[in-house]
Structures are given as structure tokens and as C-alpha cells.
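Whole structure, please, built from the sequences with the hints as guidance.
Below, each chain spelled out in residue letters.
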Amino acid sequence: MKPAEIARILSRVYDPELGVDLVSLGLVYGITVEGQKVSVLMTMTSTMCPMAEAMLDSAQTAISYQFPDADIEVVPVYDPPWHIDMADDRARDWLGVPPRSVTRAG
Amino acid sequence: MTVGVAATRSPALGVIAPFFLVAPLGLVAAGLLIAGANSDSFVAVNLPRNVAITHGIVIGWLTTSIMGAAYQLGPVVMGGDLLSVRLARVQLYLHLVSVATFVWSLWEWDARWMGFAGAGLYLSLLLFALNIATALSRGKSWSYPRAFVTASTCYLVVAMTFGLTYVGTLQPEHSWFGITLGRLSAHAHLGLMGWLALTLMGVGYQLVPMFNVINRAKPRFGWAVLAITGVATALFGFAMVFDPPPQVRVPLASLLAIGPALWGIDQYLLMRSRSRRRLDIQGRATYASLLFLVTVIPLGLASALGTPLTPDGEPARWLLAYAAAGMLGWFGSMLVGNSYKILSFLIWFHRYRPLVGREPVPVASEIYNEGAATAVLVLNAITAIVLATAAVTGSMDLWRAGGLLLATTGAAHAATMLYMFLPKRARRAAETPVNRMVSQ
Chain A
0 MKPAEIARIL
10 SRVYDPELGV
20 DLVSLGLVYG
30 ITVEGQKVSV
40 LMTMTSTMCP
50 MAEAMLDSAQ
60 TAISYQFPDA
70 DIEVVPVYDP
80 PWHIDMADDR
90 ARDWLGVPPR
100 SVTRAG
Chain B
0 MTVGVAATRS
10 PALGVIAPFF
20 LVAPLGLVAA
30 GLLIAGANSD
40 SFVAVNLPRN
50 VAITHGIVIG
60 WLTTSIMGAA
70 YQLGPVVMGG
80 DLLSVRLARV
90 QLYLHLVSVA
100 TFVWSLWEWD
110 ARWMGFAGAG
120 LYLSLLLFAL
130 NIATALSRGK
140 SWSYPRAFVT
150 ASTCYLVVAM
160 TFGLTYVGTL
170 QPEHSWFGIT
180 LGRLSAHAHL
190 GLMGWLALTL
200 MGVGYQLVPM
210 FNVINRAKPR
220 FGWAVLAITG
230 VATALFGFAM
240 VFDPPPQVRV
250 PLASLLAIGP
260 ALWGIDQYLL
270 MRSRSRRRLD
280 IQGRATYASL
290 LFLVTVIPLG
300 LASALGTPLT
310 PDGEPARWLL
320 AYAAAGMLGW
330 FGSMLVGNSY
340 KILSFLIWFH
350 RYRPLVGREP
360 VPVASEIYNE
370 GAATAVLVLN
380 AITAIVLATA
390 AVTGSMDLWR
400 AGGLLLATTG
410 AAHAATMLYM
420 FLPKRARRAA
430 ETPVNRMVSQ
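Each protein sequence line maps, in turn, to chains A and B.
In terms of numbering that gives the first Met the number 0, the first sequence is residues 0 to 105.
In terms of numbering that gives the first Met the number 0, the second sequence is residues 0 to 439.
Since the hints were made in silico from the structure, they are not lab data.
Quantities reported herein were computed from a predicted structural model and do not represent experimental measurements.
Any given hint could be a false lead.
With a straight-line Cα cutoff of 20 angstroms, these simulated SDA-like cross-link-like pairs (lysine to any residue) come out [unchecked claim]:
1) LYS217(B) x ASP84(A)
2) LYS217(B) x TYR77(A)
3) LYS217(B) x PRO80(A)
4) LYS36(A) x PHE66(A)
As C-alpha cells, this is what we get:
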């Protein structure tokens, strides 16, 4: 079990409202794996996101489905607050935001 | 830090969804009544048919949808649990029977049945107010939606009490007082501005930033909008009871317009700073409602001016244009946009959430059809424009055509919401995402 594997699992979990996966959106702030213990630091696009609990649950369920014996902790983090600059170009494209390279050049 | 909302407190889909699904029947009924209108429709707003049409839209469509939304948003984002979910179910049945009977009795101008249905309606709305007030009282901080909906629920009770006394005075054995146009306007504005506008504006402060991913800009005038609209509605409602002259009506109407105008500026500035640049149904609906708000304010002021602007002895024309632009354009656009989002969220939450991580599930935008939802929004906007134009120009043919459009809008709205309940495939989630490392 490696952080990259956890990230791959989380990149199949979608923000149901925005239609973009959690990793592309930049909602996953950190992944720690120590033995069987998995800790995921995750934020939301807004502190008032109604999907927050569902997304935290979904992340946990997705990891536990792949690693049933893992001790999983998904912790909501709101500092630093999420911003569109944290999303990758795939997510930005879906949301209609110019890619980072264009934004920087501009 | 805790999560600011609690979707797990959401009542079951079977409690909320029926409110949204049956509400458009109010539009269908109102549309058919307009389509069958006589040539005297523009003579007075208080003709039985016009009163029936207004109530079909306001308590049939707008209020029934908002009750469903409030039962969802009350526990999830505004406060805590409802007093009773079972009470919400019972209230819907009582509301449906009461609204249908009330609209029919207004059309027939049957005072006896107006009394029975009006009492049922009053009880239904009191039960709603009790249920939602309990949820609101369980909130911990005063967010915009909680504060606005608390005020609007109070106005709902006041507007309904006014309405009930009107039904009472219409009973032949009572005749407590005469229902003048001013008193009718007081009741209408307590309901439209106090109940509907405050609710929709307050919820807009929550849903517009949420759905359009706005997290840097903040509303500038939120509390001022609540205070000014709250006070202005009370003053306007009180003054109109005494049928004041235009010299009083116009300043009060101007005061009443300040809150929505500030709200419109707020919403426009928020939308400009959104991260979700590609508009979805909610974003389009927000812009549509703002465009209508720009027309509602001058139409309202023209209506307040009254006689000097009255065309061809048909004083109802400005008022009907104002009502069409306000109820269908400003309120209706917002309601159409938000209903697809709220219902798709509920369906996702109750039906697909348990499957996340185990299999690809559809995202919310795959649960409703974006194209069809936009078509309903456009149809609603065209209907509002046609009806307002018909009223201003005095064209009965256009008015009746607008009625057919309104009935079509209602049927299409109901059909597209029913479509959401069909099983959906997960197109977005079935795409293969790029593998990537996430550093700590």
C-alpha cells in the first residue's frame, strides 16, 4: 500500500456536483501510509459544501473497498482554503477555466 | 474544523421529491386558466380568474417547491432536524388538496368553498412554518439562509393571516370589511416580497456561491438586503391597507425595490468571480433571474404610480406585467435552476452515494438532462416575456398564447424532473483518470 495507490483510488472518486475527481480538483492535501494505517487530508471547495460528508465518506469507502484491512482516516482540512489554482488542467478544462500555462502567461 | 453542513440530516428522498414533482401542476393549471381567459382579463387584477391564476402560480408552484426545498435545506444547511418528517408528509397531502380546491373555488368565486379550502391551506402553511421553525431554531449561527428564511416564514404566516381574513370577509354572513385593491396589494406583497423574495434571496446567498464555486468574493449587502426588505415589506403592507395615493405608494415601492436591487448587485458580483466558468443550469438561471429583476423594478414602480400610467381603462395591465416578470421571471428562473440541482443532489445522495468506491456512479449533472433543463428555463423565460408583453400591449391573443406556453412549461418541468428518477449510467466516472502521485 503506497500513497500513489491511494491517490489512484481517490482519482476515481468524483465530486458529485462538479463532476471532477477529488485528485484533479486538488482536494487531497496529503496522503500518509504507515503500515496498515492510511491518513488522508482532504478539503472541500467550500466550507459550506453540502456534499462534504458524502465526499469524506466516499473517499473512505473507496479506499476500504480496495484495502479492506486498512485502518483509514480521512480528515477534513480547511487551511489553506481550496482555490481553483489547486485544480489541475483536466479539472480546469471541465470547469471552463483556462489551463494554468495560459493563466500564467496572461 | 467541522464541516458546516450536514447532508446526512437530509430527510428521505420520498419526503422531499413529491413537493417538487407536483408543484409544476400549479403552472399547468394557471396556464390553462390564462389560455381560456375572457376578453376582460386586463380590466382588473381581482377578477376571479386572475386571482385563481395568481394563487395557482404562487401557492401551487412557487410555494410548494419552496416547501420541498426548505425541508431539504432546513436540516442540511440552515439549522437542524425538522420537528417531524411525518408531519411534512401529511402537510403535503393537506396542501395539495387545499391548493387544488382553493384555486378552483377562486375561479368559480364560491365563497363557501373558499372558506373550507382557505382554512385547509392556512393549516397546511402553519404546519410547514412549525416544522421549518423547529429546524431553524436548532441552528448554531446566523447564516444568510437561516436569517432570511426565519424572516420569510414569519411573513408567510402574516400574509396567510391576511388572506384568511379576506376569505372570511367574503362569506355572506360576515362582510367584516371591503377588499380594496390596496388591501389586495398588501396581502400580495406580504406574500411575494415577505415570503417568496426573502426566501429566494436568502437561499440564493447560499446556493449561488456553492454551485458556482465562488470562494474568494463575499456578499457585500446581505444583511442590508434582509433589513431593508424586511422593514420595507412591513411598511408597504401596512400602508396599502389604507389605499394610499401615488404620492405615498411610489416612495414605499421605491424603498421596497432597494433590497432586491442590492441583492441583484451582490449576485452579479458573486457570479463574476466564480471559479466554475462554464455555466450550468443554476448559473444560467441566476443570470436569467437577474435580467428579469432589472425589468421587475420599473414595472413595479409603474404599477405603484397607477392611474397616470393606466392604459385604455385597463388598470390591471401594468400589474399583470409586473406579476408575470416577477413571479415567473425573477422567482421562477431561480426556482427552475435550483430545483434541478436540489433534486439531483438528493437522488445522488440517497441512491448512488452508498455505491461510491465500489462502482462508477453518475455525477449530479448526469442525473438531470442539462439540455432539457435549459430548455425549460428558456421556455419559462419566453413565457414570462410573452405574458408581460401581452399585458403591456393589451393583446388578449398574446395573453392566451402565453397561457399555453405556461402550461407547456409546467408539463415540461414536471417531465424533466421525473426523468431524473430513471437509472443513469456513470459517463464521467467511467473515464479513466490520469494516474498521479499526491505528495504529502
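Structure-based check of each hint:
Our distance criterion of 20 angstroms between C-alpha atoms is met by LYS217(B) and ASP84(A), whose separation comes to about 18 angstroms. With a C-alpha separation of about 17 angstroms, the suggested pairing of LYS217(B) with TYR77(A) holds against the 20 angstroms cut-off. Taken as a hint, the LYS217(B) and PRO80(A) pair is honoured in the structure, with Cα atoms around 14 angstroms apart against an allowance of 20 angstroms. With a CA separation close to 11 angstroms, the supplied pair LYS36(A) and PHE66(A) stays within the 20 angstroms bound.
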